[in-house]
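Please put together the full structure from these sequences, using the hints given.
These are the residues of each chain, in order.
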Amino acid sequence: MTKVSMTVNGRAVSAEAEGRTLLVNYLREGLGLTGTHVGCDTSQCGACVVHVDGQAVKSCTVFAQDVAGADVRTIEGMANADGSLSTLQQAFQDHHGLQCGYCTPGMVMSSAALLAENPKPTEAEVRYHLEGNICRCTGYHNIVKAVLAASGQDVTKIAAE
Amino acid sequence: MPKDGGIGASTKRREDVRFLTGKGRYTDDINIRGQLHAHFIRSQVAHGTIRKIDTRDAEAMPGVVKVFTSADFAGVGGIPTGWQVTSRDGSVMLEPKHPVLAEGKVRHVGDPIAVVVAETLDQARDAAEAVEIDIDELPAVMDMKAAVQGGPLVHDEIGSNLCYDWGFVEENRAAVDEAFKKAAHVTTLDLVNNRLIANPMEPRVAVGDYEDHSGQHTLYTTSQNPHVIRLLMGAFVLSIPEHKLRVVAPDVGGGFGSKIYHYAEEAFVTKAAQILKRPVKWTSSRSEAFISDAQGRDHQTRIQLALDADNNFMALRCETYANMGAYLSTFAPCIPTWLHGTLLAGNYKTPLVYTNVKAVFTNTVPVDAYRGAGRPEATFQLERVIDKAARELGVSPVELRRKNFIKPDQYPYQTPVAVVYDTGNYDATLDKLLELSDYAGFEARAAESKARGKLRGFGLAHYIEACGIAPSNLVGQLGARAGLYESATVRVNATGSITVFTGSHSHGQGHETTFAQVISDMIGIDASQVEIVHGDTSNTPMGMGTYGSRSLAVGGSAMVKATNKIINKAKKIAAHLMEASEADIELKDGKFTVAGTDKEKTWVDITLAAYVPHNYPLESIEPGLEETAFYDPSNFTYPAGAYGCELEVDPETGKVEILAFTAADDFGNVVNPMIVEGQVHGGLAQGIGQAMLEHCVFDENGQLLSGSFMDYAMPRADDVPFYSVDHSCATPCTHNPLGVKGCGEAGAIGSPPAVVNAVLDALHRGGFTNVTHIDMPVSPSRVWQAMHG
Amino acid sequence: MHNFDFVKPSTIADAAQALSHEGAQALSGGQTLIPTMKQRLAAPATLVSLTAIPEMQGVCLGDGGLHIGAATPHAVVAREAKAHYPALAALAGGIGDPAVRNRGTIGGSLANNDPAACYPSAVLASGATVVTNTRKIAADDYFQGLFSTALHDGEIITSIVFPIPEKAAYVKFDQPASRFALTGVFVAKYAGGVRVAVTGASQDGVFRWKDAEAALSADFSPAAIKGLAMESGTMIHDLHGTQAYRANLVKVLTGRAVAAALA
Ligand SMILES: Cc1cc2nc3c(=O)[nH]c(=O)nc-3n(C[C@H](O)[C@H](O)[C@H](O)COP(=O)(O)OP(=O)(O)OC[C@H]3O[C@@H](n4cnc5c(N)ncnc54)[C@H](O)[C@@H]3O)c2cc1C
Ligand code: FES
Ligand code: FES
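Protein chains in written order, with the working numbering: chain U, 23 to 183; chain Z, 248 to 1036; chain W, 191 to 453.
Derived from the structure by calculation, the hints contain no laboratory data.
The beta carbon of each residue, even a glycine, is placed where N, CA and C say it ideally should be.
Please note: incorrect hints may appear among the correct ones.
[As the list claims (entries may be wrong)] Just some of the chain W residues that point at chain U, by a computed CB distance under 8 Å: (1) 194; (2) 221; (3) 239; (4) 292; (5) 330.
Here it is as structure tokens:
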């Protein structure tokens, strides 16, 4: 066990980690931040996506020790400072972009990363960007719609409200 | 416009806030002080005799508390089956024991053999490698037909791999054969309904806790129906009376059927916690889910349709082999029978239908209900054989369907397969579909594709499903070992807010929002004043949970019934307070008035009076305002709809791209359109997934070839288009108070045949007219093979 | 997974030193190694992270073409190689998904040599040089079949040097589940001739389709390969495609890659 320190959602934190401790376990078990989920063991579902130094990564496929000192953001750190939902989170609620909520943290983190580098993505760009995030509930329709809406684009023409 | 928060409004979901901020509380988020971790050691072979299990080295490893084998579960019952099917000859199905941990033999890859319990999960996994297990491998039986023709026995003690041989309607068998002899045309189709893996994104988790001083057990589990688990596990497996067993299903990350069943791991952690006097937690990995969650579908079918000279359907005959896997999962026997054979009339007035289903044991993971359960299988074969018949006869698939539809003036309609449809209008949904999908413009679009070297096709499918499962007396006659009512307790608090305890369960469906909308509408208070509680057997009335699109139709009806009791009692109190006759009291917008006067009491006046009964008719009614109701429906509900798929095939690679998917559904009344549409979207993606991507495949030795997301293709965002969905053609259900029909499974039922019909249409237009069928998934390789192979 | 010690050196020399110990293994982006370790299929005693070594990072023009540090993530290659070698950048931008591209590296991909990986086809079609801490290996010598390469135990890929072609394109046909290449074809046209490398298709891993190279060197157009037939006997057969199907894909995708290179 080694003490591993990093910044998570703006706070300096530290917790014990073995070599094999994955970032997702460090967050969930070490820090009690259970918003980041685990949906697979082959690095494909994206339920675990967080931001490390501003970039989306699969926290199930990174060792905690490998990102010691990094600046990490998780779903718990995505709301506005006053606790209200961010524009992206609000769009997910407004457009019913989630059902069971299990894939949602990863979807929000991946989508936020997309909008940071491409503020007005096309539908195809959103779908392509979310290739590594599997949702079993929504059929993706309302997730894509929510991301487009969060980017300030008009989604009223997209069938079904 | 319905008011926000009331019936008919697309009210935003209140549950979303916790999910969007990482505050959801799923079972894996629960950690109890002192908890141990369980790791299951599972069979790596599909069939074998266990010679030896040596746990000594493992038990000496760091952190290991105990390694369990079946010997530790000697006094424990097997995992029960909730449905009994009777064969054509009157015998009951074969029902082999399903032990919590394998006894003597392993029967599928993934069958649990031993469990290491340790202080940490890593320690348990490390120690698992030190458990020595000797298995003599036996030949595996994989093919269903071989299994019933003298293949190796999955269960030696029952002497056969044929679980049952079911005929329905057996009395019609001869008449159906006769009709086929007289038919002007017979269309025959052999097809496979591909085996699927449900894969809710949250893998299963179970945490067992035990309180020594009181003998109280608690199981936290990822379940769609905690009361069913309490009943099955308590009564049949562990012999724990209900009052000593609490089952909690907190936030659950999707189910799609796979979280209905009682699983060995639940019984294990509950029992192990008692033995070890410490909480025990098990979290499935995804790899484990692939070999331990019940799987879906897996039928091999010959379907035949007989038509007369005017293209009227005369009779339908279906012969199906249905894979049960190695053990009977909780509701497995009823899926290919009562949820399949009873749906084969479809939307059509086919007078005679006969189905024979042979359910077969094989050395594979157990199979049970997966979204739609039985109804997708029925719809697929019916809608495929109709399309094939239309092509053989050279008539339009649209018109052939329309000609044979049950007409709007024929309801209630008695089908030849037991069920009675209460309402419907299939011409309306078909017309709506053709309009929304711009069917008229299709030929022009096909020509444009052709110019680009692509083959465009349009596929149509109509479906009906029986949901709102279901009348208890009926399902009892059909072999169910449980009732299928639903329950609700409506607790009005002193200051007027309301807490509803429902026996239903939400794992993505949004009950917390929609159920509150119903109450808000009925009483006229703001929806924010209503809280919906579900998922804990310690505070909700005995209920059967969520599956079969039953939550609102059955659970919602129970809540309406309880709320009506509340309103009746509140009116009595209001009558007393306003010195009026009860019959004159009206409740509107949260106010009680006396007809013909200006007297008025608010909702809160009444609720306060109920709990502070100073001026109160104590001689005739009790204080308080809390009612429980159980609702048992008198019939199933019958959602129906028309689905259209437009796609392009790349003739060089066989790749299929869905360009548009349109769904015109009749769900009866709709409480929250936004949520209903979301349910359809999700169902469509799963149906498109079945049709184009998903396939659970074992090799001949029983090894799972599609054992991870690397080989089992889940639909991704770029596999599907924006869908066009409509539910305006509503014929409300006639026998439940809300007039609702259920929408959870429709998308997964109607879409697979629409996709496959569209692929075949594209190939025919491209000149590949000798291709009459392609089995799902219509992967690029299979489509290319069909064209060029 | 099994436990291990984790070290993160900052120079190639220190990394080589750490890797010389029994049971030590290199860790780059971890996008292949970590899932493998979860399945307990790899159990190193020490993991030596290569991601903090500045010499192994980045994309720049230099002697012999485009130099890419072995620990450069796919996302960086997708961005920074675009101006110099657009087909290579596009290939990098099509690997996995954004989160995988942010961690996974070119060196890891080449060391692993998955038969369905994308980069090996670019390296082979470009006639690139794999530079290690001890030597330079020509692409034609580097790939030695499924998951096997010319690397010795403990040898570290430090960079890859890609000669820049006149025209090139990579066309990938996704395996529907993993989204790796069911088949992928990289075509690169140099002054000295055309090279065609195929991934995903063969039981022997990435290979050059010499018949197509000859035909395309004579006439760089999709029509040039029309008359060729791809031998299917050595193709992979699995859940996602038969041998005949893959042989067909090789030909179709080669034609499409040529068309894309010309576009
Ligand atoms: C969901 C998903 C999708 C993917 N899709 C694709 C795809 O479409 N196409 C594709 O090509 N790949 C794909 N990959 C694989 C991905 O590109 C990996 O990043 C890559 O194969 C390995 O690179 P890495 O840096 O992650 O290596 P690691 O996982 O860290 O290492 C892999 C192996 O290489 C060794 N190694 C690493 N670096 C060096 C070095 N510099 N010198 C010597 N040995 C070294 C390690 O010891 C290990 O054995 C996918 C991966 C995932 C998880
Ligand atoms: S948990 Fe599935 S990708 Fe990380
Ligand atoms: S909302 Fe359930 S998996 Fe996406």
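Status of each hint after checking the structure:
no. : hint : verdict
1   : 194  : holds (5 Å)
2   : 221  : holds (6 Å)
3   : 239  : holds (6 Å)
4   : 292  : holds (4 Å)
5   : 330  : violated (31 Å)
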